[in-house]
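Order-wise, the sequence lines are chains A, B, C and D. The numbering of the first sequence is the working numbering, which starts it at 1 and goes up by one. The numbering of the second sequence is the working numbering, which starts it at 1 and goes up by one. The numbering of the third sequence is the working numbering, which starts it at 1 and goes up by one. The numbering of the fourth sequence is the working numbering, which starts it at 1 and goes up by one.
It is possible that part of the hints are untrue.
The list makes no distinction among identical chains, and a pair is therefore deemed to hold if it is satisfied within one copy or across any two copies.
Unchecked claim - Heads up, simulated DMTMM-like pairs for lysine to aspartate or glutamate below, C-alpha to C-alpha not over 20 Å straight-line:
(1) Lys75 / Asp371
(2) Lys395 / Glu317
(3) Lys402 / Glu331
(4) Lys249 / Glu271
(5) Lys121 / Glu133
(6) Lys370 / Glu317
(7) Lys201 / Glu317
(8) Lys394 / Glu200
(9) Lys224 / Asp362
(10) Lys402 / Asp371
(11) Lys73 / Asp183
(12) Lys267 / Glu106
(13) Lys24 / Glu129
Source of the hints: derived by calculation from the structure; they are not laboratory data.
4 protein chains.
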Amino acid sequence: MIQRKIINDPVHGFITINHPLLFKIIDHPYFQRLRRIRQMAMASLVYPGAVHTRLHHALGAYHLMCCAVNELKNKNVEISADEELAVKCAILLHDIGHGPFSHALEHIVVKGVYHEQLSLKIMQLLNNEFNGELQLAIDIFTGKYHKHFLHQLISGQLDMDRMDYLSRDSFFTGVSEGVIGYDRILKMLSVSNNQLVVEEKGLYSVEKFLIARRQMYWQVYLHKTVLCGEKMLVNILKRAKEIFDLNDKNIVLNSPLDYFFMEFDGKINDEVLKLFCLLDDTDIEFGLKKWSNHPDKVLSTLSRNVLNRILLKCKLESEPISEQLIQSKIEKTKERFSLSGNEISYFVFTGETTNTIYNVNDENILMQMKDGSLKELSALENSLIHQTLSAPVKKFYICYPKN
Amino acid sequence: MIQRKIINDPVHGFITINHPLLFKIIDHPYFQRLRRIRQMAMASLVYPGAVHTRLHHALGAYHLMCCAVNELKNKNVEISADEELAVKCAILLHDIGHGPFSHALEHIVVKGVYHEQLSLKIMQLLNNEFNGELQLAIDIFTGKYHKHFLHQLISGQLDMDRMDYLSRDSFFTGVSEGVIGYDRILKMLSVSNNQLVVEEKGLYSVEKFLIARRQMYWQVYLHKTVLCGEKMLVNILKRAKEIFDLNDKNIVLNSPLDYFFMEFDGKINDEVLKLFCLLDDTDIEFGLKKWSNHPDKVLSTLSRNVLNRILLKCKLESEPISEQLIQSKIEKTKERFSLSGNEISYFVFTGETTNTIYNVNDENILMQMKDGSLKELSALENSLIHQTLSAPVKKFYICYPKN
Amino acid sequence: MIQRKIINDPVHGFITINHPLLFKIIDHPYFQRLRRIRQMAMASLVYPGAVHTRLHHALGAYHLMCCAVNELKNKNVEISADEELAVKCAILLHDIGHGPFSHALEHIVVKGVYHEQLSLKIMQLLNNEFNGELQLAIDIFTGKYHKHFLHQLISGQLDMDRMDYLSRDSFFTGVSEGVIGYDRILKMLSVSNNQLVVEEKGLYSVEKFLIARRQMYWQVYLHKTVLCGEKMLVNILKRAKEIFDLNDKNIVLNSPLDYFFMEFDGKINDEVLKLFCLLDDTDIEFGLKKWSNHPDKVLSTLSRNVLNRILLKCKLESEPISEQLIQSKIEKTKERFSLSGNEISYFVFTGETTNTIYNVNDENILMQMKDGSLKELSALENSLIHQTLSAPVKKFYICYPKN
Amino acid sequence: MIQRKIINDPVHGFITINHPLLFKIIDHPYFQRLRRIRQMAMASLVYPGAVHTRLHHALGAYHLMCCAVNELKNKNVEISADEELAVKCAILLHDIGHGPFSHALEHIVVKGVYHEQLSLKIMQLLNNEFNGELQLAIDIFTGKYHKHFLHQLISGQLDMDRMDYLSRDSFFTGVSEGVIGYDRILKMLSVSNNQLVVEEKGLYSVEKFLIARRQMYWQVYLHKTVLCGEKMLVNILKRAKEIFDLNDKNIVLNSPLDYFFMEFDGKINDEVLKLFCLLDDTDIEFGLKKWSNHPDKVLSTLSRNVLNRILLKCKLESEPISEQLIQSKIEKTKERFSLSGNEISYFVFTGETTNTIYNVNDENILMQMKDGSLKELSALENSLIHQTLSAPVKKFYICYPKN
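The following block holds chain A by itself, in its conformation from the complex:
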């Protein structure tokens, strides 16, 4: 008899797992680790519901993949049983390389390495363990497989990753309304010339999707308070690293995190990967708690403040922050908290952040017109998503202590 398991998902309803290889992936400690990594890092500082996990997102994206594959098969797109299984495995594993606090600490904890690289390496590790059962999944993931549209379902303008995270994040933050729309886009997906395309009548749904994405970026992911919390966290790790470098015993956590602070040299081998796969949000959070009492004032203050949600003030502007404002904030802070020059930079700092609603130069969205021809989304008449909107929007921020 076929093993079959149903998982309740408040976002998509019921998720069905029905193949031994899928069970093997899900039951693996590397995958279970995603249970302890929040999808949205510090966003719960503003949206208390946003505490859902990477594991939940991976399952959700897998579910959407099941739906998408079904739709395509109903439209007579050829997808073999092996390809179907592989593309499902690939989406389950697409985020396996995320570390503690996901994007917020990406290439900070594992210095200079992006999560996609780690995902691939961990998939390869698993592939060895599973005797090559994941090879096709890996080929699809890396784009080597000849059916390009399968890769696009995993990574592209309308991939299952985005579809899931936007609906899931909007569901858990309560910001949005975006859940149902994805349904319709899935119904409108098709394949033409080995490319994933959207039927013309899906135009408004695709627009809605892009607008929703824009809204989620500015209202949630790049919300100034969320941004500020994440930058404070980055500063905490930076400061901790400095103290680690001084060989201070008090900073040690007795966690694999210590390795990445003290010994990691940028080279990723199997041993390093296995250590990485022991890390999750807990290590950082325990660090914050421990470091709250560390003698270093910068480290302990920042840690305590992040834990207790005593955040710096953050201004997000369209123009670069004026040198004058920065100086005045530095002066004020220096006086008030009697900090040294280097220390100040942990409490008063600036940066910029960028978002592009739809990048025409990037791989773009193809619409399939009623006559069968293909048009790039922004080339459609009356498209909301025209050239102007495809330019990146840059914003500048400054963070400093409330007075």
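Following the hints, put chains B, C and D in place on chain A, whose structure we already have.
Same frame as chain A, now just chains B, C and D:
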């Protein structure tokens, strides 16, 4: 100008905070700590969405309190501005005494002490800090205040605590449908003879509420896999305690949790309380990760297994587990894992669990008939909630390793 | 290429139509007629959203049938392509015999005939028109086909009809929360010994379903105001019939309805059926508007009052209405409105109404235990649905003019 | 005691009515008439759920008004009890002048008169009946009252009418996701210089609102099949009018509609208004049914086809329809159906339709920046709603028989 803050809640919509005392409570580290305590302990092992926090629940219950107070005032129930503020503070703080993993580890971490006692003591601590501003809230919380119905809004058959946790838990697990119903019950609340009552036409909603509660208990809170996960966690703490007692250095976490393992003598003073207020789920989770490598086989195996979701098998039965079954499981486990007699009890164990849908002997639900008279819920004709259903349902479980 | 159409349904999402026979049914005037028959007759007097149509319900039940058939096939239940199509046709057509105002005027407009009989006859009419393509659908509908479980999907305790109308009615009234639950029951359906059964772990969902049904009956379908509106409508038709019998020209509507008032003799042949298939809510509503000005005081008053929502007062009681109360209401009304004895009965009247939550003697719900054995629902331990609840609940009503 | 009634609304939850004047309006036959006028005319041809009524919309808009007024009062905007009641009455009555099939037949049934004019006249009629109790409501409705923002709540870019119809229509069609967003806009409303404004942080919600509106226009209100159904209906009335003019007895319906076909001379007095207030969708639908058998081929064919959803084919294009295409369709139709030149125009016809997402020249949306200054929406940096999008989009359609 009045400070006013709006919080997005996916369950109830927007929550408004609009009084300095409320801000003071919410901003306090004791309250912020609830951010790091999951509402449903191990339930996310089965329902991956169930990772919402005690902080979120406290805010939600506060929101329902705002609605309930509004409704009652619209019905000309006298509630002064002071009383209104106090009852809102009391509901915000009603769970402040929860420790790591909430109910799952209640009176395990702080041996023999229930969370209500701790909530009261922490409220008193805060009351001192706030120069008595919380006195009325405390009097309502403890039931000393003469307007009994205010206490019932916080603790009673239809209190805001239950209304929130049922709708919130059903929302985040995706099990349920219960969200909207509460709205209607709130509209039906009234006060008669200083008692909270429900208007007769609210009967079906109240029934639905009780049935939903029953369903949540058996399908979620006491789901055999959730139960099993929580009992495994309890066993881990028990084992850790034994090892602490041996003065083993490896067991120490460098967390306030160590104090409760090693030194706590059952007496709660301000110092103990403050230590308690440093604890949250992180301490336990970090413990699990650390203890995964502890030389003690029982501790490391259980810890690793909980982290990686390798759970014991659990049977939940209506009859007591037969001595024969227990013995056979013990024998099998002993052989297979070469464990000693004492060690076996961490892997093969039994217990019982009870749920009562509606306890008539307890404080019960009063319905206000159209003619103004009051009737106890189960006394209504054709009530679904009759005497039979008010008996407790007891179930018996056994957990043992999968073979 | 396969024709394929997607219909937006706010309740279930997207409904897919993908077979020529299904299109032929849906495009037929007999089916399109259901667009003009409200699903819930007079319920919109109380629940203004409850104006959805029989056509919408038929499409929704069809959609659930698609889901159910899919689930069963996934569980290796044998269902051939022909059977699948037939059971889908049968559910599309199961309510085709409903006349104006559905249940409210059932066997009033077409005296003494129930809608199921009419549904069957109309299916046969269509079957002739479609050259026998509907024969298997008819055999399943009437229960003659050997695979009994297919019939149960159309008509049984857990049929797609009920699943759809409960979720749809709760959605459009805004009373309920029932939408999601059906999903889970569908996932739990299976077939054993040619019977539709529910897997044991679906117990709570089935209970919820029955309780939701009970709630919908008492809170919506038999809501005293809805009941009153429907009985007033019945009285209007009764009165109109009396006037038709007097050969009064003013009563004639120039609608096929006239035939059923004046000539119908209880015998249903193809000609009668075709006339019946021209009727819908419009005929009655236009009648109400026209009769508002009829010289007969009873007819005009009742018609105007139903149109303008000036309803009689209705009391719904558990005990039979006392003769004394009836007499007092009759006296009062007689005086106030100067009505004759016969006329009074249109304004003061009594009746009874019955609902059974779960009839054990009827075809009942079979649960499939983990060991494969079957148990009748109420026989399960701790079942909410025990013997007591399976007794019918009878209520008595009296309607009379407000003073 | 205060009379208080709660109405279930699937869109907004519970609607509370709590003032005698509100009851008087709602209970009036003019208002109850809205029960029999569908909000979205023929949209249910495409979206079967879209059968909700003008009455439901009026109650929903009233509910949002209650919320908006509450929010503004919380922000210390001065609104007296009289003003509050008046603005609520005004919104309840804003659509009271809609006739059968709302916009689809606007100024067709009552030739050349728009519904706003009729709304005002009916309000005045009611005001007389209610001894002037509606005077302030009328002054707000017409914009004469000095507090301009009250008028804007009823008629403006962000009025309660739009907020309700967009959320309600999206809910009942199942197209959308728009329900929750309105909540947030309401929270962001404020008043500055007697103008309704939106706080800066509401920017994304306002954008979403406008985009949702655009989507609803193109995907629903101006959906080519809906458009086609409505134009066919207009043609039916046009044809009926021609036949009325011939004094044909068969065309008469014995409905007040006859008056508007035969006698109405464009002058609206109280008698005409009272006749108008007897009209609703039923009159038209009964007409369609009766005219299905009329000897005039054009009238009977169109009527039957609309009833049975046998619609013309409709093409919606960005460029004007070519004369060549029109001629070819005319020729083809002429031959196939042997129609005369005049008759052809009922089956082959063209037209254009326009929608503007945000008209900057019109009364526009003012955003209140954090520093208190006001900016027009499209003037904000990175606004999605820039000059380009504020241009009207025009589309051209042709309808003709399917071959």
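Evaluate lysine 402 and aspartate 371 at a C-alpha cut-off of 20 Å and name the case that applies: within, between, both or neither.
-> between (60 Å within a copy, 18 Å between copies)
Are the CA atoms of lysine 73 and aspartate 183 at most 20 Å apart within a copy, between copies, both, or neither?
-> Answer is within: at 16 Å inside a copy they meet the 20 Å cutoff, but 23 Å across does not.
Identical-chain pair category, lysine 395 with glutamate 317, by Cα at 20 Å = Result: close within a single copy only, 6 Å intra versus 39 Å inter.
Alpha-carbon proximity between lysine 249 and glutamate 271, which holds within one copy, between copies, both or neither at 20 Å = Answer is neither; intra-copy 24 Å and inter-copy 27 Å both fail.
With 20 Å as the alpha-carbon cut-off, assign the pair lysine 394 and glutamate 200 to within, between, both or neither.
-> Result: close only across copies, 18 Å inter versus 31 Å intra.
Between lysine 224 and aspartate 362, at a C-alpha cutoff of 20 Å, which is it: within one copy, between copies, both, or neither?
-> Neither: 27 Å inside a copy, 33 Å across copies.
Alpha-carbon proximity context of lysine 121 and glutamate 133, limit 20 Å = within (15 Å within a copy, 57 Å between copies)
Is it within a copy, between copies, both, or neither that the alpha carbon of lysine 267 lies no farther than 20 Å from that of glutamate 106?
-> within (16 Å within a copy, 45 Å between copies)
Quick one: lysine 370 to glutamate 317, C-alpha cut-off 20 Å, is that within a copy, between copies, both, or neither?
-> between (43 Å within a copy, 12 Å between copies)
Under a CA distance limit of 20 Å, which applies to lysine 75 and aspartate 371: within one copy, between copies, both, or neither?
-> For lysine 75 and aspartate 371, only the intra-copy Cα distance (17 Å) is at most 20 Å; the inter-copy one is 40 Å.
What label fits lysine 201 with glutamate 317 when the C-alpha limit is 20 Å: within, between, both, or neither?
-> between (38 Å within a copy, 13 Å between copies)
Should lysine 24 paired with glutamate 129 be assigned to within, between, both, or neither, using CA atoms and 20 Å as the limit?
-> Within one copy only: 11 Å inside, 53 Å across.
Checked against the numbered hints given earlier, this structure breaks hints 4 and 9; the rest are met.
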